[in-house]
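Chain residues, written in single-letter form:
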Amino acid sequence: MYGFEALTFNIHGGYLEAIVRGHRSGLLTASDYNNLCQCETLDDIKMHLSATEYGPYLQNEPSPLHTTTVVEKCTLKLVDEYKHMLCQATEPLSTFLEYITYGYMIDNVVLIVTGTLHERDVQELLEKCHPLGMFDSIATLAVAQNMRELYRLVLVDTPLAPYFSECITSEDLDDMNIEIMRNTLYKAYLEDFYNFCQKLGGATSEIMSDLLAFEADRRAVNITINSIGTELTRDDRRKLYSNFGLLYPYGHEELAISEDIDQVRAVMEKYPPYQSIFAKISYGESQMLDKAFYEEEVKRLCLAFEQQFHYAVFFAYMRLREQEIRNLMWISECVAQNQKSRIHDSVVFIF
Amino acid sequence: MEEDDRCSSSNPGGIGQEEEDEDGKVLRFLDSLDTYLTLLDSLSSTLRQGWFEVASARHSMGSSRISSVLLDQKVQSAATTFQVRKSIHGSPSESCPSFAISKWASSRDGKCSFGELEVSHVRKTSKNSELRHRGSSNFYDTTEEHDLTINASSSISDSNVHQERSKSLSVFGTLVSPRLRAAQVSFETALDAIVEIANIRSSMLSAFTQLQQQMKEKDLS
Numbered sequence: 001m002y003g004f005e006a007l008t009f010n011i012h013g014g015y016l017e018a019i020v021r022g023h024r025s026g027l028l029t030a031s032d033y034n035n036l037c038q039c040e041t042l043d044d045i046k047m048h049l050s051a052t053e054y055g056p057y058l059q060n061e062p063s064p065l066h067t068t069t070v071v072e073k074c075t076l077k078l079v080d081e082y083k084h085m086l087c088q089a090t091e092p093l094s095t096f097l098e099y100i101t102y103g104y105m106i107d108n109v110v111l112i113v114t115g116t117l118h119e120r121d122v123q124e125l126l127e128k129c130h131p132l133g134m135f136d137s138i139a140t141l142a143v144a145q146n147m148r149e150l151y152r153l154v155l156v157d158t159p160l161a162p163y164f165s166e167c168i169t170s171e172d173l174d175d176m177n178i179e180i181m182r183n184t185l186y187k188a189y190l191e192d193f194y195n196f197c198q199k200l201g202g203a204t205s206e207i208m209s210d211l212l213a214f215e216a217d218r219r220a221v222n223i224t225i226n227s228i229g230t231e232l233t234r235d236d237r238r239k240l241y242s243n244f245g246l247l248y249p250y251g252h253e254e255l256a257i258s259e260d261i262d263q264v265r266a267v268m269e270k271y272p273p274y275q276s277i278f279a280k281i282s283y284g285e286s287q288m289l290d291k292a293f294y295e296e297e298v299k300r301l302c303l304a305f306e307q308q309f310h311y312a313v314f315f316a317y318m319r320l321r322e323q324e325i326r327n328l329m330w331i332s333e334c335v336a337q338n339q340k341s342r343i344h345d346s347v348v349f350i351f
Numbered sequence: 001m002e003e004d005d006r007c008s009s010s011n012p013g014g015i016g017q018e019e020e021d022e023d024g025k026v027l028r029f030l031d032s033l034d035t036y037l038t039l040l041d042s043l044s045s046t047l048r049q050g051w052f053e054v055a056s057a058r059h060s061m062g063s064s065r066i067s068s069v070l071l072d073q074k075v076q077s078a079a080t081t082f083q084v085r086k087s088i089h090g091s092p093s094e095s096c097p098s099f100a101i102s103k104w105a106s107s108r109d110g111k112c113s114f115g116e117l118e119v120s121h122v123r124k125t126s127k128n129s130e131l132r133h134r135g136s137s138n139f140y141d142t143t144e145e146h147d148l149t150i151n152a153s154s155s156i157s158d159s160n161v162h163q164e165r166s167k168s169l170s171v172f173g174t175l176v177s178p179r180l181r182a183a184q185v186s187f188e189t190a191l192d193a194i195v196e197i198a199n200i201r202s203s204m205l206s207a208f209t210q211l212q213q214q215m216k217e218k219d220l221s
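Keeping their order, the protein sequence lines are chains X and E.
Throughout the first sequence, residue numbering follows the working numbering, covering 1 to 351 in sequence.
Throughout the second sequence, residue numbering follows the working numbering, covering 1 to 221 in sequence.
Chain X extracted, bound-state conformation (with noise of 0.2 angstroms):
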C-alpha cells in the first residue's frame, strides 16, 4: 500500500539505499566541472580527477592519455558500485537492478551483430561492449546469419528473449534490419520495464513511471530526426515509439509524419512538459536539442533522490553517473581537439 514502505522497506533495501545516497554525494560538483574545464592536457583532467572518487582507476593509466581510456576507466568504477549492489540486493530489488543493465545488452549484441557483419575479428569487438551488458554466450552472436539463428542459438537464454518476438524473421542481417532490430528491442525493453515498475507499485511505480515515460517520449524524438530524409517508411518509424509516455498515441501520429525539425517542434510544443525544452533551441536547429533534453533528464533524476523508501534512487543513480562520464568524456574531447570554448556547449552540470 503506498504510503506504508517506511514501515518495512528498510528491513531489505535500507542498506542499499544508504549505499546509493553515498555514492550519490561522490557525483561530481559544479566547482570541480570548472577546474575540469580549465585543464590544457588530458594529463591535467587525470591530475584533477585523482582527487575525486576517479582517482584509484586513472592513476596507473601511463600517459599519453587518450579520451576513450577516461571513458572506460570512469565507466569501470559505475560497473563495480552496481555489481557490490546487485550482489547485495534481494527480490524485487534484484530484479529491478538486472533490468537496469537489459539496455546495455542490446546495444552489446547490436555491436556484435554489426561488427561481424563488417568482417571485425570477435575479439575486438568483445573489448568494445560495455562490461554492463556482458553475459556468457555473447561471443556465439558472430555465428548467426539472421535473427531467427540469432534468437535460437544465443539470445533465447538471455533476459532478452521475451523481447525477439517482434523481430524474429529469417531474414538476413542487414545494417537496416539490424538497426530496426535493435530499436524493437529497445521498445519491448522499455514496455517490459516499465510494467514491471507498474507491478512494483508505491512511490517506485510513480517515480519510476515518470522517468521511463520521459525516456520513452525522448526516444520518440530522436528516432523521428534521425530518420529524417533516410529510407525508413512512416509506418516503420512509428512501429518503433513506445507504447506509453506522454506523446502516446496522439503524439506519435504526428512525429511519424514530421519530416524536418520543425514540424517536431511543433508537434512537441504542443505538450507543456517539452514546451520548455524547445523554448531553449532556436528554429531549424536541433544541435542543442540532446542538452535540453538531458537538462531536464537530469532534473527529473535529482528529484528522485527527494523521496525515500523507493527504488527509483538506483536507477537515477546509474543515469546521473552515465551523464557524467558523458561529461567527462565530452570535456576530454573537447580539450584533446583544442575546443575549449565549446566545452559548455554539451557539459550538464548535475548539482
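The hints are simulated quantities; they were obtained by calculation from the structure and are not laboratory data.
Take these hints with a grain of salt, some might be off.
As the list claims (entries may be wrong) - Subject to a maximum C-alpha distance of 27 angstroms in a straight line, what follows is the list of computed DSS-like cross-link-like pairs (lysine-lysine): (1) X/128 <-> E/167; (2) E/25 <-> E/74; (3) X/239 <-> E/216; (4) X/270 <-> X/291; (5) E/103 <-> E/25; (6) E/216 <-> E/25; (7) X/340 <-> X/299; (8) X/128 <-> E/74; (9) X/83 <-> X/299.
As the list claims (entries may be wrong) - A short, non-exhaustive set of chain E residues, derived as facing chain X with CB atoms under 8 angstroms: (10) 63; (11) 64; (12) 72; (13) 166; (14) 177; (15) 208; (16) 211.
Stated by the list, open to error - Computed from the model, here is a short list of chain E residues facing chain X with C-beta under 10 angstroms: (17) 54; (18) 69; (19) 70; (20) 71; (21) 73; (22) 77; (23) 170; (24) 172; (25) 218.
We treat Cβ as the ideally placed atom computed from N, Cα and C, and that holds for glycine.
Model the placement of chain E on the given structure of chain X, informed by the hints.
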C-alpha cells in the same frame, strides 16, 4: 650601359615586354601562393570542425555506436577515386600534374560511371596527358569484363549523392545523428580542399620553376 641604351632605343618594347612577362609570372606565383596558404588555413578549420562534429555525434549516440571497430572490412568498390594527370610533353618546367576527384561513383553490373568533379580550374599545359587512376580498394573484378566510362560533363544527381552518403554512413547504423551527417559533409569538403591544394601547389611550383628559369636566363644574358 650605352649598349643597353642602344638596345633599348632599337627595341624598347622588347625589354619592356620581358619585364612585364617577368612581373606577370611573379604576380602569378604570388597569387598561387596566397591561394595556397588560404586553402591550407581553410582545410585546417574544416578538419577541426569535422572532428568536433564526430565528437558531438559520439556524445549524442554513445561511444559504442561510433567507433572504429564498426568500420567495414569487407572488400568493396571505392566510393571515391582520385585521378592524376601528368603532362609528358614538353620540358619539365612546363609539366604541371593536375589532380581530380570523382566522388560517390556508383557501379552497376560491372560497369562504372564516374561523375567526375573537377575541384579547381586546371591549367592544361600540354595536349597529351597521361591518366592514372588510384582507387582506394580493389575495384576491378578480374573475372568480369570491366568497362570504365569517364564522362567529364555528367554529374551525379543530388538524390544519388544523398543515397551514397547514407550508404557510407550506414556502418554506424541507419538512424544516425544529424551531427554525424554534418561531420561527413565536413570531411567531404576537406577532401575537395586537399585536391584543390594539390592543384594550386602544382601550379605554384610550376610558376616558380618558370620564374627561376627566366631569371637564370636573364642573368646569363
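Holds or violated: residue 103 of chain E to residue 25 of chain E, with C-alpha atoms at most 27 angstroms apart: violated, 34 angstroms
Next item in the hint list is residue 208 of chain E. Is there a CB on chain X closer than 8 angstroms to its CB? Since the shortest Cβ distance to chain X is 33 angstroms, the answer is violated.
Report holds or violated for the interface hint on residue 77 of chain E, using the least CB-CB distance to chain X and a cut-off of 10 angstroms. With Cβ-Cβ at 16 angstroms, over 10 angstroms, it is violated.
Mind checking the CB of residue 166 of chain E against every CB in chain X and telling me if the closest is under 8 angstroms? holds, 6 angstroms
Interface hint compliance - residue 64 of chain E to chain X, C-beta minimum distance less than 8 angstroms: Holds: closest Cβ of chain X sits about 5 angstroms from residue 64 of chain E, inside 8 angstroms.
Does the CB of residue 73 of chain E sit less than 10 angstroms away from some CB of chain X? holds, 5 angstroms
27 angstroms Cα cutoff - pair residue 25 of chain E, residue 74 of chain E: violated, 49 angstroms
At a threshold of 8 angstroms, is the proposed contact between residue 177 of chain E and chain X supported by beta-carbon distances? At about 6 angstroms, which falls below the 8 angstroms cut-off, the nearest Cβ of chain X leaves the hint on residue 177 of chain E intact, so it holds.
Proposed proximity, residue 216 of chain E with residue 239 of chain X (alpha carbon, max 27 angstroms): violated, 76 angstroms
Cut-off 10 angstroms, beta-carbon criterion: hint that residue 71 of chain E touches chain X: Hint on residue 71 of chain E: holds, closest Cβ of chain X at ~7 angstroms, below 10 angstroms.
Holds or violated: is the Cβ of residue 211 of chain E closer than 8 angstroms to a Cβ in chain X? violated, 38 angstroms
Interface hint outcome for residue 63 of chain E [beta carbon to chain X under 8 angstroms]: With a minimum Cβ separation of about 6 angstroms from chain X (threshold 8 angstroms), the hint on residue 63 of chain E holds.
The earlier numbered hints that this structure contradicts are 2, 3, 5, 15, 16, 22, 25.
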